[in-house]
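Protein chains in written order, with numbering that gives the first Met the number 0: chain F, 0 to 126; chain W, 0 to 615.
If you are wondering where the hints come from, they were derived from the structure by calculation, not from laboratory data.
For each residue, glycine too, the CB sits at the ideal point set by N, CA and C.
It is possible that part of the hints are untrue.
What the hints assert, rightly or not - Chain F side only, calculated, beta carbon under 10 Å to chain W, not exhaustive:
#1 Thr4
#2 Ile11
#3 Lys14
#4 Gln15
#5 Tyr26
#6 Arg27
#7 Lys29
#8 Met34
As the list claims (entries may be wrong) - What the simulated footprint calls covered on chain W by chain F, stretch by stretch (three residues with Cβ under 8 Å from a Cβ of chain F suffice, anywhere in the stretch; the number is not a length):
#9 20-33
#10 140-148
Stated by the list, open to error - Some chain W residues well away from chain F (every beta-carbon gap over 10 Å; in silico):
#11 Arg4
#12 Ile42
#13 Glu62
#14 Lys90
#15 Lys156
#16 Asp186
#17 Gly295
#18 Arg340
#19 Gly370
#20 Pro412
#21 Cys552
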Amino acid sequence: MAKLTIADLKKIKEKQHATFTLREGGYRAKVTVHMGTCGIAAGARNIMTTLMDEISRANVEDVITTTSGCAGFCAREPMATVEIVNKAPVKYGNLTSDKISEIFREHVMGGNPVEKYALVVGSETTY
Amino acid sequence: MEKYRANLLLCAGTGCVATGTPKVRDALKAELEKQGLADEIKIVLTGCNGFCAEGPVMLVYPEEIFYQKLTVNEIPKLVEEHFLKGRPYEKLMFKDIEKKHAIPLMNDIPFFKLQVLRVLRNKGMIDPESLDEYIARDGYTAAATALNEMTPEEIIKVMKDSGLRGRGGAGFPTGLKWEFASKSQADQKYMLCNGDEGDPGAFMDRSVMEADPHSVIEGMIIGAKTIGASKGVIYVRAEYPLAVERLQKAISVCLDSGLLGENILDSGFNFNLEIYLGAGAFVCGEETALMRSIEGQRGMPRPRPPFPAHKGLWDKPSVLNNVETLAQIAPIILNGADWYRSLGTEKSPGSKVFALTGDIRNVGLVEVPMGIPLKTIIYDIGGGVNKKKKKFKAVQLGGPSGGCIPQELIDIPVTYEDIVKTGAIVGSGGMVVMDEDTCMVSTAKFFLEFTADESCGKCTPCRVGTRVMLDMLTDITEGRGKEGDIETLQDLSKDIIATSLCGLGQTAPNPVLTTIKYFGHEYEAHIKEHWCHAGICSDLCSFHIVDDLCKGCGACMRGCPSNAIVGEKKKPHRIIQELCLQCRSCYDICKFGSIEIRPALETKPEPAVKDEEVTT
Ligand SMILES: Cc1cc2nc3c(=O)[nH]c(=O)nc-3n(C[C@H](O)[C@H](O)[C@H](O)COP(=O)(O)O)c2cc1C
Ligand code: SF4
Ligand code: SF4
Ligand code: FES
Chain F
0 MAKLTIADLK
10 KIKEKQHATF
20 TLREGGYRAK
30 VTVHMGTCGI
40 AAGARNIMTT
50 LMDEISRANV
60 EDVITTTSGC
70 AGFCAREPMA
80 TVEIVNKAPV
90 KYGNLTSDKI
100 SEIFREHVMG
110 GNPVEKYALV
120 VGSETTY
Chain W
0 MEKYRANLLL
10 CAGTGCVATG
20 TPKVRDALKA
30 ELEKQGLADE
40 IKIVLTGCNG
50 FCAEGPVMLV
60 YPEEIFYQKL
70 TVNEIPKLVE
80 EHFLKGRPYE
90 KLMFKDIEKK
100 HAIPLMNDIP
110 FFKLQVLRVL
120 RNKGMIDPES
130 LDEYIARDGY
140 TAAATALNEM
150 TPEEIIKVMK
160 DSGLRGRGGA
170 GFPTGLKWEF
180 ASKSQADQKY
190 MLCNGDEGDP
200 GAFMDRSVME
210 ADPHSVIEGM
220 IIGAKTIGAS
230 KGVIYVRAEY
240 PLAVERLQKA
250 ISVCLDSGLL
260 GENILDSGFN
270 FNLEIYLGAG
280 AFVCGEETAL
290 MRSIEGQRGM
300 PRPRPPFPAH
310 KGLWDKPSVL
320 NNVETLAQIA
330 PIILNGADWY
340 RSLGTEKSPG
350 SKVFALTGDI
360 RNVGLVEVPM
370 GIPLKTIIYD
380 IGGGVNKKKK
390 KFKAVQLGGP
400 SGGCIPQELI
410 DIPVTYEDIV
420 KTGAIVGSGG
430 MVVMDEDTCM
440 VSTAKFFLEF
450 TADESCGKCT
460 PCRVGTRVML
470 DMLTDITEGR
480 GKEGDIETLQ
490 DLSKDIIATS
500 LCGLGQTAPN
510 PVLTTIKYFG
520 HEYEAHIKEH
530 WCHAGICSDL
540 CSFHIVDDLC
550 KGCGACMRGC
560 PSNAIVGEKK
570 KPHRIIQELC
580 LQCRSCYDIC
590 KFGSIEIRPA
600 LETKPEPAVK
610 DEEVTT
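Only chain F is shown next, with the shape it has when bound in the complex:
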C-alpha cells in the first residue's frame, strides 16, 4: 500500500462520501419506492433496480433511495415518492422502468417534477 499524504486523506473522504451521506444524513434527495405486497406484485422491485442503476451511472452521492410499505393506492402501483430537501414531496404512480428513469433525470437531477406521471404532491412518512 502506498504511503498516504494529506491530499490522499481528502480523496479517501470524498470516495466515502456517498456511504456517509446515507449514514449521517445530509442528502439532497430521497426516493422512496413503495414495496407493499401489491407494489412488489406490480413490479416495484424492478423500479428499485432501475433506480439504483441510474444513481450508479450518474455517479451522484447525495441521492438516497429507500422503501416503504403500501401507499394505500394499490391500483396505481408501482409507485414512488421523490423528496427534494425543502420541497414538497411528489408521488408518482403506474411506473415502469422507462418512467422512473425519466423521473430520475428530470426531477431528481433536474429539479423539475414530471407532471404527467405525478399522482399527488405530499406523502406519508416511511414509518
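Given the coordinates of chain F, work out where chain W with the ligands should sit on it, guided by the hints.
Only chain W with the ligands this time, still in chain F's reference frame:
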C-alpha cells in the same frame, strides 16, 4: 461504483458477539441473498453501540431505525418486512415500558437521545476495521494538522485551553502533563496508552478500543509529536482479545499506509507503536506500576517524584494517558478549545463516558455532558431501577476507589468537583446502581475484598490494613460485630489513606467511608440488633410471613429450597424457622410483599437432622 440503498450496522462488540452477532450476521447475509437484496443492502460490523444488554443490536441507515435482541429465527421476517416491503419491523424495536409502544428511531429512544457523542463519535457509525471509514469521519485530519502545521507549544496551548482532564481516574489536566514531558530533555521519550481498565464493571475503554481503535492511535500520534516521542506502547489487558485484535489490525494498516512508522504523512515525524498485553493485575493500571510491567518487572508502584514526565518507562520521559482521554484529542485539535468547553463546567469541561450497570433498566454505555445531574443519567437515560416495585437506594461511582452516593444526593451535577464532595469520585466511569434490597455493609465488603486481593503488598498499611478492615467487615456481616467497630474502621481508613504509596491504597477505604457516612444506621443495625434489613447477610436476618398480607398462593412454598414453608391454599402460610436457611428466595418470589425481614432470631432452634450429622 458500489452503491447501496441501505447500510445495516450490526454491532460486533464483545457484548453482542456473546449474545449472537456471528450467527445473526450469517442468517442476515443468507436471507438478503435469497431475496436478491445483497447488491442493494450492505452489512457492516461495528464496535459496541452501548446498549449491550439489548444485544445483538443493529442500526439501519438511512432511516436510522434501531433493532434489538435480534435472533436467527426473526431474520427472514425482518428482511421480508423491512428490506423487501419497506415496513420497519416493530417486533424487534425498542419498547417504551410505560406506554408499551415501539420506538423505531434510535434518536427517539431516551437512552440514546440524551447522549452526546464525542468520544464515542464513531460508535454504530463505522466499521472499526476500515481505515477509509475512519478517514471519512475526519479521521487523521487532526494528526495531519498537528504534524504539519502546529508546534508542540501550540498543541499544548489548545489542550490547556480546552481544560481536558485525564479520564483514567485522577482527572489530571492533559495539557499540563504533556507540557511537563515536552520540556524534559532526553534522547528518547515514550507516549503510552493505558488500556488496563481494571475496575470491576467498567467497560468504557474496551468499547472505545473495539469500536474506534484509530481514534486512540490518532490521539497518541498527536501526543507523541507534542512531547517528542518516537516510540509508543498501548498497554491492554489480555482479557480483551477483541480490543487487542482490532488495535493490532489498526496499527498494521497504519504502518502500511504511512500513518505510523517513518515520515508520517510526509511530515518528517516518526512514531512507532506497539501493544503490550497486561496480565490483569489491578495495580498494573497505576502509572508507575504499568511502566515497570512493560519493562518486564513485577508491576509495583514506586514513589513519585521522579514523575514519569521526567523518568518514566526505561527511566525516560513518558506520558501515560487513558484510552478515553486519547480518543478525544483529535476532535479538540480539529474544533478547538472553545468547542470542547461548550459542554460541561468550568472545572470539568467536555463529556464523559459511563458504564451503567447494576439494578438499572438500561444497562450500557453512555456518554453525557459533564455537569448533567446524576438523576438524569439514572432515570432518564438509564430508565430507573429495573424492578418495578423496588426503590433506588444508592449509586456507586468510581469502582473500588470510589464511593456510594445515596438517593438524597441524586440531584448533584456529575463533575469532578461536585462528586468528590460526596466522598465518591468520578473515577474512570463505572456507575453501579443499587436498589433498596442492597446491603451497604456487604457492598463495602465486596469492594474491599477486591482491593485487599489486588494490593501489591509493598506498603504495610495497604497490605495489612485492608485485610484487617476486611476481617472486621466480615465479622460485622456474620454477627460478630462489636461496639466501637465503626470508629475503628474510620480510624484505620484514615491511616491507610495517609500512609499508602499509590492510589490503590489511598482510595481503598472510600467505599467503607462513604457507606458509613450515608448508611451508618445499617452498620449499627448489623452490630447492635443483628439485623440486616435487606436480608442479604444470612446470619443477621429471619424471614416471616405477615398473615394479613399473605394470600395463600403458595408461590413461596414452591420456591423454598428447604421445604420450610407450610400452609393451606388461600390461607396465610407460615415459615418453620428451624428449617429456614435465610436464602431469601421467598422474599423475592412473593408478589404481595408479605414476607418480612426481621432481626436474626435470638436462639435459633436447631433442626433435628443436624444432630445426626454431628454424630457421624
Ligand atoms: C490502582 C490503580 C489502578 C489504575 N487503573 C487504571 C486503569 O485501569 N486505566 C487507566 O486509564 N488508569 C488507571 N489508573 C490511573 C493511572 O495511574 C493514570 O493516572 C492514568 O492512566 C493517566 O491517564 P489520564 O491522565 O489520561 O487519566 C489507575 C490508578 C491506580 C492507582
Ligand atoms: S498502596 Fe498498596 S497497591 Fe499501592 S504500592 Fe502500596 S501496597 Fe502496593
Ligand atoms: S428464606 Fe429461603 S429457606 Fe427460608 S423460608 Fe424463605 S425460601 Fe424458605
Ligand atoms: S456490544 Fe453491542 S451494544 Fe455493546
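Is the Cβ of W/Lys156 more than 10 Å away from each Cβ in chain F?
Non-interface label stands for W/Lys156: nearest chain F Cβ at 23 Å, farther than 10 Å.
Hint F/Met34 vs chain W: min CB-CB distance below 10 Å?
Holds - the Cβ of F/Met34 comes within 10 Å of chain W, reaching about 4 Å at its closest.
Is the coverage entry for the stretch 140-148 of chain W by chain F consistent with the three-residue Cβ rule at 8 Å?
With 3 residues in contact (Cβ-Cβ under 8 Å with chain F), the coverage given for the stretch 140-148 of chain W holds.
Residue hint F/Thr4, partner chain W, criterion CB-CB below 10 Å
It holds, given that the least Cβ distance between F/Thr4 and chain W is near 5 Å, below 10 Å.
Closest CB of chain F to the CB of W/Pro412 still more than 10 Å away:
Given that every Cβ of chain F is farther than 10 Å from that of W/Pro412, nearest at about 31 Å, it holds.
Tell me if the interface restraint on F/Lys29 is satisfied: Cβ within less than 10 Å of some Cβ in chain W.
holds (7 Å)
Is the nearest CB of chain F more than 10 Å from the CB of W/Gly295?
holds (33 Å)
May I ask you to test the interface hint for F/Gln15 with respect to chain W, counting a Cβ-Cβ separation under 10 Å as satisfied?
holds (3 Å)
For W/Lys90, is the shortest CB-to-CB distance to chain F above 10 Å, so the non-interface label stands?
holds (14 Å)
Do the numbers back the hint for F/Ile11, that is, is its least Cβ distance to chain W under 10 Å?
holds (5 Å)
Grab the minimum beta-carbon distance between W/Cys552 and chain F and tell me whether it stays above 10 Å.
The claim holds: W/Cys552 sits with its nearest Cβ about 43 Å from chain F, beyond 10 Å.
Beyond 10 Å from chain F, beta-carbon-wise, is W/Asp186?
Correct as stated: the minimum Cβ-Cβ distance to chain F is 27 Å, above 10 Å.
Hints 6, 9, 11, 13, counting from the list given before, are not met by this structure.
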